[in-house]
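There are 2 protein chains.
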Amino acid sequence: MRSDNTVIYKVFKDLNFSQAEIKIIEAAMEKIVLKKGVILIQAGDNVDAMYFILDGCLRTFYIDSQGKEHTIQFGINDWWITDFTAFFTESKAIMNLEVLRDAIIYKISRDAREYMFAQIPKTETFIRKKLENAYAAFQKRILSNLSQTATERYLNFISTYPNIEKSIKNYHIASYLGITTESLSRIRKELAKQ
Amino acid sequence: MRSDNTVIYKVFKDLNFSQAEIKIIEAAMEKIVLKKGVILIQAGDNVDAMYFILDGCLRTFYIDSQGKEHTIQFGINDWWITDFTAFFTESKAIMNLEVLRDAIIYKISRDAREYMFAQIPKTETFIRKKLENAYAAFQKRILSNLSQTATERYLNFISTYPNIEKSIKNYHIASYLGITTESLSRIRKELAKQ
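So the sequence lines, in the order shown, correspond to chains V and B.
So the first sequence is numbered by my numbering: it starts at 1 and just counts up by one.
So the second sequence is numbered by my numbering: it starts at 1001 and just counts up by one.
Hint data in this document are derived by calculation from the structure and do not stem from the laboratory.
Even glycine gets a Cβ: it sits at the ideal position worked out from N, Cα and C.
Nothing false has been slipped in among the hints.
Residues from chain B shown here face chain V by an in silico Cβ test under 7 Å; the list is partial: (1) H1070; (2) F1088; (3) P1121; (4) A1136.
Here are some chain V residues pointing at chain B (derived, C-beta under 7 Å): (5) D64; (6) H70; (7) T85; (8) F88; (9) T89; (10) R128; (11) L131; (12) E132; (13) Y135; (14) Q139; (15) K140; (16) I142.
Below, simulated SDA-like cross-link-like pairs (lysine to any residue); rule was C-alpha separation at most 20 Å, straight line: (17) K166/V <-> L34/V; (18) K1130/B <-> N1077/B; (19) K140/V <-> S1065/B; (20) K1129/B <-> Q119/V; (21) K129/V <-> E1124/B; (22) K92/V <-> L1146/B; (23) K1140/B <-> G178/V; (24) K1023/B <-> Y1009/B; (25) K1140/B <-> A134/V; (26) K1129/B <-> A49/V; (27) K1129/B <-> F138/V; (28) K1129/B <-> T125/V; (29) K140/V <-> T1089/B; (30) K1068/B <-> I142/V; (31) K129/V <-> N16/V.
Given these sequences and hints, build the entire structure.
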C-alpha cells in the first residue's frame, strides 16, 4: 500500500485523497517494470493507455517518409508519456515509444482514466491543467525552433531535461534538436570553451 | 436569452443544462463584435481570456527573430482561439491574434472558466476532451510537416478549414503552410490541371 500511495502523491502533487479515493486510483494504475531497449509502442499499434514514469527514461520518436527518426519527447521521472495523438483520438500509433534506461512505470488505461475522472473530479481538474501546460510547452518549443539557434535550443533542452544526458545517446539528442550529431558535438565544444 | 442559449449549445454540443447551469455559463461568457483588421492580442500582452467564434475568421501569428510572420492557427465558426501558450501558462503573449473577417465572438476569462468548471464538472470534462483533440491535431500537423509535400499540406489545409479561402489572403495561407506565395500559386495551378 505504502509504495502505491507514494506514486499517487507523485502523480497528483499537492492533492489530498480519502481512503476510498486512494482505492479507486490504485485500481486504475498498474505497475510495470521495463528493461532498457523495450519498444512499448510501435507505429500502427492501438494505443489505449498512458504511462507515468516513476523512474527511468523513455522517448517517443517518429519515423518520416524518408526513414529518418525524429525524437518528439523524452520522458523522465514524474513525467507522463505515450503516443498522445493516438491515445487522445483513439487512432493507431504514429510514433514509437522506447525505453532508454531501465524503468518503473505506471500504466493507466483510457477507460480507467475516464472512470477515475468521473469518480474524483479533482483528478480531472489536475490533469486538465497538466494538459494545458503540456500543450503550451509543445507549442512554445515549435515556435522557439523558428527563432532560436541550435545552441539556444540545446541549452533549453538541458534545462528542460536536467541530468538526462547520461541516459541517452547523442543521436537521440540531435534528432530531438533537429540537427546532426556533428553539429551537436561542435555546439558542446563551443560551450565548453566559454 | 434565446440567442445566448444558442451559443451555449454551440459551445457544448450534445450536453444538456438546467436553467441554473445556463445562468452560470451565460454569466461567464461575454459577447464581442469585432471588425476585420482588429488586433485582439499583440505579442507582449497579458492574455487572460479565450474566445469562442460564433461567426467570422481570425488567425494567430508569430513573428520570428528575423521579422518573418508564421500563421499558427486559423479560427472559424465554432472554434476557440487565443494565444493558448500565454493563456495556459499565465505568461505574456508570444503570438498576435488578428480578425480576418468581421466576427462575433464570446470571451471567457480565466477566472470565469475555472468557476464554471468548478460549478458544472461536465463542462470541464467536455473542454478537457476538446483540449486533448487540439493537442493531438497540433502534434499531428507538426509531424505531417516532416513527411508531407507542400501539395499534401495544402490539401490538408483545405479539408481542415473548408470555405476559408475566400476570407483570407494568399500570404496567410502560405505562411501557415510554411511556403512562399509563389509556391502556393504553383500548387493551385497544378491541382487545377488534374
